[in-house]
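Enquirer: Chain order of the listed sequences is D and U.
The numbers in the numbering used here rise by one with no breaks, and the one at position 161 of the first sequence is 161.
The numbers in the numbering used here rise by one with no breaks, and the one at position 282 of the second sequence is 282.
These aren't lab readings, by the way, just hints derived from the structure by calculation.
A couple of the hints might just be wrong.
Sample of chain D residues at the chain U side, in silico, Cβ under 10 Å [claimed, not checked]:
id, residue
1, Val-74
2, Pro-76
3, Val-127
4, Asn-307
Reference listing, derived: stretches of chain D covered by chain U, where coverage requires no fewer than 3 residues with Cβ under 8 Å from a Cβ of chain U [said to hold, decoys possible]:
id, stretch
5, 33-43
6, 85-95
7, 213-227
Given the structure is predicted, the values throughout are model-derived calculations rather than measurements.
No residue lacks a Cβ here, since even glycine has one placed at the ideal position from N, Cα and C.
2 protein chains.
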Amino acid sequence: MVPHLATAFNGPLLEFEKKILEATPSIERWFRLEWQEHTPPFYCSVDMRNSGFKLAPVDTNLFPGGFNHLSSEVLPLAVQASMAAIEKYCPDARNLLLIPEGNPCNMTYWQNIARQMQIYRQTGLNVRLGSLDENLKTATTIVLPDGSDLVLEPLQRSANGRRLGLKNFDPCTILLNNDLSQSIPSILEEIHEQTLLPPLHAGWAMRRKTNHFDCYDEVVKKFSKMVEIDPWMLNPFHAKCTDVNFDEGTGLDALMATVDTILAKIRKKYKEYGIKEKPFVIVKADAGTCGMGIMTVRDSREVRDLNAKQKNKMTVVKDGRAVRDFIVQEGVYTFEQIGESVAEPVVYMIDRYVVGGFYRVHQDRGVDENLNAPGMEFVPLAFAQQHAVPDMRAKPGTAAPNRFYMYGVVARLALLAASLELEKTDPHPEIY
Amino acid sequence: MVPHLATAFNGPLLEFEKKILEATPSIERWFRLEWQEHTPPFYCSVDMRNSGFKLAPVDTNLFPGGFNHLSSEVLPLAVQASMAAIEKYCPDARNLLLIPEGNPCNMTYWQNIARQMQIYRQTGLNVRLGSLDENLKTATTIVLPDGSDLVLEPLQRSANGRRLGLKNFDPCTILLNNDLSQSIPSILEEIHEQTLLPPLHAGWAMRRKTNHFDCYDEVVKKFSKMVEIDPWMLNPFHAKCTDVNFDEGTGLDALMATVDTILAKIRKKYKEYGIKEKPFVIVKADAGTCGMGIMTVRDSREVRDLNAKQKNKMTVVKDGRAVRDFIVQEGVYTFEQIGESVAEPVVYMIDRYVVGGFYRVHQDRGVDENLNAPGMEFVPLAFAQQHAVPDMRAKPGTAAPNRFYMYGVVARLALLAASLELEKTDPHPEIY
């Protein structure tokens with residue numbers, strides 16, 4: 001199933017789909033050569049928005065949850081991709097230590113962890129869970145809704161302090177599914193004998209969205225030249241705004257000016273393409289996740305006129321961290337609809353392979369709003385269905401695998417941007 | 001769906017399935033390390049037989065046809081695996097030249113070629129077909145039953161004679177789907193600037209089944225030690241017999257003696273395990289394919305008492321070549337049944353990945369006969385179904401993905417044997 005594109009103005013995207021399909025050999029070759037130069041992160045999910053005139057990643061997650069929302073048909077693909085990844089990092093691997101997020105009450109998150117463990121186990125690894133929660137002193141069992149369970153164990157450094165593991169468990173590879181929002185726990189520091197994936201500077205303690213989208217600019221510029229399209233079709237404008245304090249009202253003028261600049265740029269592009277929609281921007285914390293610290297802005301005055309609750313929402317995000325730096329990003333409408341609900345595609349990758357995806361659907365949200373919010377639902381992408389590879393002869397916009405291939409290409413552009421970003425922001429490039 | 005195992009005596013195999021599942025991390029790690037040392041062939045299919053007390057490969061095909069019999073759900077897996085393969089051989093590749101078999105009347109074969117082209121195209125390659133038929137002077141179109149078509153083009157060497165291609169098509173990689181039964185065509189010789197996959201000595205002009213099974217002996221010995229099983233459970237006894245001429249009646253005494261030796265060995269094993277079935281062997285051409293030149297033998301006198309038609313069948317195989325060398329292989333019953341028909345699994349691999357498989361089913365053949373014969377049908381293996389990765393908690397023998405994982409392990413043992421075989425039989429090891 002391809003969600004209905006709820007806009008008459010989808011010509012540009014259908015044409016783009018056609019171009020992408022026709023250019024498949026060049027595109028795949030281009031990616032192959034890029035992956036000779038750059039190492040993809042172990043895994044990644046990309047939130048995208050499809051407005052019919054534009055298809056763009058809006059968020060690139062280096063600690064993807066939500067594996068439980070992928071259809072089980074794609075599991076063999078995920079297993080195969082993680083086999084390729086493990087072979088690269090540590091062919092000799094027996095044991096994988098997975099470090100999840102700390103919230104033990106979010107069952108959906110633990111279902112994601114269970115699904116990931118299933119994938120890595122099938123890859124041929126012994127997988128156990130280590131907790132960053134210092135209060136967790138003994139192995140703790142979490143019972144999942146289906147009756148199965150997970151065991152969270154306290155992390156410990158080896159006797160000589162050089163290795164990280166669990167009791168009677170010495171991993172070769174440590175996989176973080178914890179985005180380190182607040183800071184880098186000292187127990188994760190100074191690990192030189194084991195492979196830590198992704199590296200610590202991929203966590204939100206150090207990562208910045210603006211760095212990512214700066215790299216994405218570079219990637220899209222190169223890609224667009226090859227397939228001969230306007231890079232704007234794949235790339236939302238963005239700019240960085242620092243030292244903004246909503247509570248104290250400082251830095252707001254600069255933020256308003258940035259919002260105005262981006263809105264003006266969008267307006268110009270809309271005019272060029274004859275797009276009648278109203279431009280908007282998204283203001284979000286430059287570091288952070290989980291759909292917090294995000295607002296939709298149609299007029300720069302809105303950032304000045306927030307009420308107390310809204311101010312608080314923009315000031316404090318996950319784990320209580322104060323936010324001062326923001327990214328102002330061109331808002332991309334999502335005109336994909338499943339039934340009456342707005343939908344946005346989320347694509348999952350392991351190593352350099354697209355392994356699946358789903359639509360995030362929200363029936364109470366508008367086409368210009370963040371859908372990553374309570375009340376969202378998930379519909380697996382029609383990936384493993386009959387004739388699951390693209391059909392060159394299908395009419396643009398009608399074949400699910402064609403649409404999905406296009407999504408997979410754009411998601412991989414974001415993945416490549418993440419690779420560049422991790423290279424450029426590496427505090428210790430010599431040992432990377 | 002798991003085919004019914006039509007034998008009460010399936011304890012050994014169910015226990016083996018359990019062992020294999022439990023040993024998954026060791027097995028996958030073992031394969032990972034083996035693939036660091038040995039390069040798998042580009043692709044491979046393995047015919048297997050499951051007798052309930054034994055699961056063994058009986059034929060390892062390095063020029064697999066039958067891709068059209070794989071379920072379309074596994075296509076993304078095949079695409080991903082061939083991406084990994086191409087990246088290894090020629091990341092810079094744009095063009096792939098595929099050289100098919102010569103028989104233009106076998107529509108099923110061409111459907112296989114169409115399916116393969118679909119896979120490699122999706123990998124991101126321009127794919128065209130070059131014919132070894134010297135009578136084919138211009139591009140020739142083959143119309144498939146679904147109305148689509150394939151174009152066969154004459155092969156040509158480049159002006160300087162160093163490269164092989166088609167008119168206006170210079171490939172980086174040349175993929176043979178032609179098993180070179182008769183001899184190696186001169187147009188394929190002296191290709192040093194392009195990657196020829198698989199190498200020429202993988203063709204039946206040079207390849208010998210006994211070499212393959214000698215290597216398989218080695219592989220299984222190592223593997224069985226690791227998982228602590230009797231290697232015989234995975235490995236049919238075999239021996240080579242040369243200079244046999246059924247027409248002239250020469251070499252038959254030696255053949256009978258070999259048959260007796262193998263039958264005696266099987267009898268001993270059957271006794272050890274309390275198996276009541278009647279031992280049998282398969283006598284087949286040491287070089288050759290397509291189910292020709294094969295006979296089931298329960299008593300060595302049968303090889304002496306052939307009638308004229310049977311003698312002819314054993315003397316001349318595909319492409320009219322005379323056969324003098326034979327492999328005498330322990331016969332493995334196939335006790336898998338779909339409905340009333342005997343079934344044997346065929347597993348497909350690209351690079352080092354299992355990408356799919358099917359059951360070859362024949363309603364007119366017995367449990368001790370070759371099923372690769374006119375009248376055979378194909379049932380895709382239940383690979384891409386719900387919960388398509390193994391379930392450790394399922395009762396042995398009940399879960400399709402568990403059975404299929406076991407098949408995938410044994411098929412990869414044969415794949416590894418093929419890698420060793422190609423290394424050992426390489427006439428130019430220094431340039432391999």
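Enquirer: Does each hint hold? Answer for all of them.
Expert: Outcome of the hint check:
no. : hint    : in the structure
1   : Val-74  : holds (8 Å)
2   : Pro-76  : holds (5 Å)
3   : Val-127 : holds (9 Å)
4   : Asn-307 : violated (48 Å)
5   : 33-43   : holds (count 3)
6   : 85-95   : holds (count 6)
7   : 213-227 : violated (count 0)
Of the numbered hints listed earlier, those contradicted by the structure are 4, 7.
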